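Visitor: Sequence:
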Amino acid sequence: METHPPHIHHSTGKKVSHYFYEFLMLFMAVFSGFLAENQREHFIEEKRAGEYAKSLLSDLVSDTFEISAAVHQANFLILSIDSLTSMSFNINSSNEVPASFYYYSRCVSRAFTVDWTKSTIYQLVQSGNLRYFKNKKLVELVNTYFFFQDVIKIKNESDVLRRDKICEVQNCILQSRFYSKFSDLDIVEEEYGHQPASTIDTLLTKIFPLQTEGRKRMDEYINQLSDRKSSMRRNIYDFYPQAYEVNLEIIKMLKAEYHLE
Numbered sequence: 026m027e028t029h030p031p032h033i034h035h036s037t038g039k040k041v042s043h044y045f046y047e048f049l050m051l052f053m054a055v056f057s058g059f060l061a062e063n064q065r066e067h068f069i070e071e072k073r074a075g076e077y078a079k080s081l082l083s084d085l086v087s088d089t090f091e092i093s094a095a096v097h098q099a100n101f102l103i104l105s106i107d108s109l110t111s112m113s114f115n116i117n118s119s120n121e122v123p124a125s126f127y128y129y130s131r132c133v134s135r136a137f138t139v140d141w142t143k144s145t146i147y148q149l150v151q152s153g154n155l156r157y158f159k160n161k162k163l164v165e166l167v168n169t170y171f172f173f174q175d176v177i178k179i180k181n182e183s184d185v186l187r188r189d190k191i192c193e194v195q196n197c198i199l200q201s202r203f204y205s206k207f208s209d210l211d212i213v214e215e216e217y218g219h220q221p222a223s224t225i226d227t228l229l230t231k232i233f234p235l236q237t238e239g240r241k242r243m244d245e246y247i248n249q250l251s252d253r254k255s256s257m258r259r260n261i262y263d264f265y266p267q268a269y270e271v272n273l274e275i276i277k278m279l280k281a282e283y284h285l286e
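In this text, residue positions in the sequence shown follow the working numbering: the first is 26, and each later residue adds one.
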């Protein structure tokens with residue numbers, strides 16, 4: 026018995042072609058929408074990356090001044106500590122010291138804390154927005170810089186505690202009526218070069234007595250100052266320079282990659 030292939034009506038073939046065309050159009054529409062949405066998201070991410078880069082650059086520039094100020098102040102304090110240490114070796118039997126001993130004791134009562142500009146870097150690191158930066162090296166440097174900020178913050182807090190303990194011993198060594206003569210001293214001005222002031226200059230020519238039991242606590246005073254000096258030297262030669270170097274490297278990369286000035 027001879028068989029014949031089923032007969033396909035032309036109308037049925039036209040329906041299949043029509044459905045395929047509709048499916049193809051729908052697919053193209055969805056695919057085009059996907060591409061457009063992807064392109065839009067890419068544009069938004071690039072825009073946000075540029076905004077974060079500009080804001081971070083501004084913060085980093087502010088930080089460079091803070092780090093430089095911290096180094097300058099630490100060096101000033103170290104010189105003050107060295108002066109106090111040297112004078113402590115020459116306290117006479119009358120329990121008297123040059124007035125400059127009071128002056129430098131007033132200077133070491135200061136503590137400097139780096140005031141980081143952290144708003145942008147906090148948003149980037151803590152909120153996961155570092156993903157907007159596609160340069161892996163840049164992301165690594167930002168994370169490293171964030172780490173140094175925290176380390177230096179802890180170091181600064183420790184220095185404040187050391188300063189407070191030193192001031193407690195100071196109160197047992199120095200007579201308040203003489204120390205108070207230096208209470209209005211502007212330490213920042215002294216850091217950047219002593220401006221001649223007749224009152225202070227006249228005081229520095231005098232000899233002042235210590236408290237009756239002052240000499241007994243002098244070793245404790247100098248030892249605590251020495252510990253503070255060692256900690257500050259590490260900041261000067263280790264943590265501050267590393268943070269500063271990373272800071273400048275990030276600034277360089279941001280300017281190059283996002284065409285910032």
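In case anyone wonders, no lab produced these hints; they're calculated from the structure.
Everything numeric in this text was worked out from a predicted model, so none of it was measured.
Glycine residues also receive a C-beta, built at the ideal position from the N, C-alpha and C atoms.
Hints should not be assumed to be uniformly reliable.
[To be verified] Restraint-style ranges between C-beta atoms, simulated for each label pair:
no.: 1; residue 1: Asn115; residue 2: Thr237; range: 18 to 24 Å
no.: 2; residue 1: Asp244; residue 2: Thr224; range: 28 to 34 Å
no.: 3; residue 1: Glu274; residue 2: Phe114; range: 28 to 34 Å
no.: 4; residue 1: Thr237; residue 2: Ile261; range: 16 to 22 Å
no.: 5; residue 1: Cys197; residue 2: Arg135; range: 16 to 22 Å
no.: 6; residue 1: Lys280; residue 2: Arg135; range: 31 to 37 Å
no.: 7; residue 1: Glu282; residue 2: Asn115; range: 55 to 61 Å
no.: 8; residue 1: Glu238; residue 2: Ser152; range: 36 to 42 Å
Visitor: Which numbered hints turn out to be false for this structure?
Guide: 3, 4, 8
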